[in-house]
Amino acid sequence: MRIHEYQAKRLFADYGIPVAPSRLATAVEEATTAAEEIGLPVAVKAQIHAGGRGKAGGIVLADTVDEVRGAAERILGAPLVTHQTGPGGRVVKTLLVEKATEVSDELYLGLVVDRARRRIAVMASRAGGVDIEETSRKTPGAILKEWVDPTIGLRPFQAYRLAHRLGLVGGSARGVAGIVRSLGRLFRELDASLAEINPLGLNAKGEPIAIDAKLAFDDNGLFRHPEIRALRDLNEEDPLEVEATSVDLNYIKLDGNVGCLVNGAGLAMATMDLIQHVGARPANFLDVGGGATAEMIEKGFRILIADPDVEAVFINIFGGILRCDVLAEGVVAAAKAVGIDVPVIVRLEGTNVEAGREILERSGLAFRAASDLREAAAKVAAAVEEGS
Amino acid sequence: MSVLVGEGTRVLVQGITGNEGRFHTQRMLEYGTNVVAGVTPGKGGQEAEGVPVFDTVSEAVGATGANASILFVPPAFAADAILEAAERGIELIVCLTEGIPTHDMIEVRAYLDRRETLLIGPNTPGLISPGTCKLGVMAGYIHKRGPIGILSRSGTLTYEVVHQLTERGIGQSTCVGIGGDPIGGLSFAELLPMFENDPDTEGIVLIGEIGGSAEEEAAATIAESVTVPVVAFVAGRTAPPGRRMGHAGAIITGGSETAGAKIAALREAGVRVAESPAEIGARMAEAIGRRPV
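Those sequence lines, one after another, are chains A and B. Per our numbering, the first sequence starts with residue 1, numbered consecutively. Per our numbering, the second sequence starts with residue 1, numbered consecutively.
The shape of chain A in the complex, shown without the other chains (with noise of 0.2 Å):
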């Protein structure tokens, strides 16, 4: 789960993080307002989820009052596109007013889990700011790394090597250490999966500063911080995927014209390949998983079929916790509710195959059932063809 940079400000700020006084403004006179009670200049930032937003022009420097209603203005409302929201961008709502800070050097401070050497890796480099994927990949001796023993934490020692590796001296060399081993502690106590401080700035006196905040949490670790849970903001969230994740189905929306209904993310994924290699392309991931009931079914087959892109739905089900027959009540159920007008492949096997395809066959309706995967391909491309 993502949070905003000024919910992730307000953690650092409890983890001692230094930070610049900021407000929040949902409207032009509340932006102005805030940059008065802080002091020009200020740095105006839209609040969404993606990154890219200063290239995309969604953060300003405003020098005066004036600058600060120009930018709010062109801001809040609109959509803005960056690299990582798709063409359609993303409607800003909220801004973060900032105290502009003044800065000599934006080094970068990173942490993330390892997966290879399984265990937290902080990253720090002194070419922080927003070509850092591009310094990684061309000079990756520019990104400094340490990695965290679990049985012994984060050790100051590793903190201070990291900004001493960084060339820092003196009090900047403390002050980075400092940050790194609040990030690290927040990082493990909040079941972070992803923390970065992106440029972390050091002001003329060489003191360190957090210019922006990026923070990550482990979906598996929510449950246990009921305040981090409270942050997620649904206005960030494909509707139809918040609609299918109030019913515990996974459903993530693509481009392509053959919807599909899967048991499995592996399968489910599988299945995705399978139709891109006939030539049609997947409309959408969904993922029943084990337990589904015949409700769980029903709802992911109409959310399915409400995206006007498809043309052909594809259900593909290997019955094992989740029986054949309670998936084929599901099908049947949503099929009559909603009305169909395209094909519907399906292809069932495992627990109780059997009662599952007289279910359907009994239906009356016109499901194009298929014995295995490779008939049920061919079968998902004839469809397609009609179609076009």
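Misleading hints may appear alongside valid ones.
Stated by the list, open to error - Have a look at the derived ranges for each label pair, beta carbon to beta carbon:
#, chain 1, residue 1, chain 2, residue 2, range
1, B, N19, A, R161, 48 to 58 Å
2, B, R115, A, L365, 53 to 63 Å
3, B, E30, A, G291, 18 to 28 Å
4, A, E237, B, E30, 41 to 51 Å
5, A, E134, B, G32, 31 to 41 Å
6, B, E275, A, N235, 32 to 42 Å
7, A, G291, B, T227, 36 to 46 Å
8, B, P193, A, L365, 50 to 60 Å
9, B, E30, A, E134, 54 to 64 Å
If you are wondering where the hints come from, they were derived from the structure by calculation, not from laboratory data. Quick reminder that beta carbons are idealized off the backbone N, C-alpha and C, glycines included.
Given the structure of chain A, go ahead and fit chain B onto it with the hints provided.
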């Protein structure tokens, strides 16, 4: 012979008195798995499906000599349950739990690395050596004893592959789901030599997916030390980058984690990579010289 489990496997079920624990204990017993004990704190002295229940792993091992454990424990308590079994010297732990926090698993794995205990999972259907032992929730009847080892990061996709093989009359030696979480127990690279050294395994199917670097590590191991034919499939070619696909593992975070990069690494190591999930069984049949059906 089979991998990881055998005639001497004495199974302890942690979380045996819950709905799932009870249901699958019964299924495992029906399959012939030697389930000797169950553990649920506070329920010691009871019986579940005819199996004696104990309060602690220590007590259960002392009384029954259990040497393998399967966990049906909720996410919040699963890491502790794994550690309890490992600390008491259980040799093989299969953790089915989905949704264990990553930081918990980082700590668990670090502890296990200093001990002899092997962990399968979490977030896996478990493992099965057809005809010998089932330590998991997969449907036993789709399997058939035979020469093919299966290693997989996925659940239902594994059933699909087993089905394709069994339909062709090709049985399985052992099928292991390594689990879909970012941090877990035995990896492809750690399991491959066990299959290579198993006299009953004549071919291996490896089912990977996008995210992480397990397939790349497997490719290196295969190139170095695997002589039996390997057929692979990597799910997620069509997955959009940066999106989570239900398995915590299935996240693309960089170029090296894409399906394309994994397929290239496996091919480089001499692995036959199936283009379509419908062709995995056929490719394996071809690899071991069986005529396609």
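Notebook entry, point to check: Which of the listed hints are broken here?
Noted result: 5
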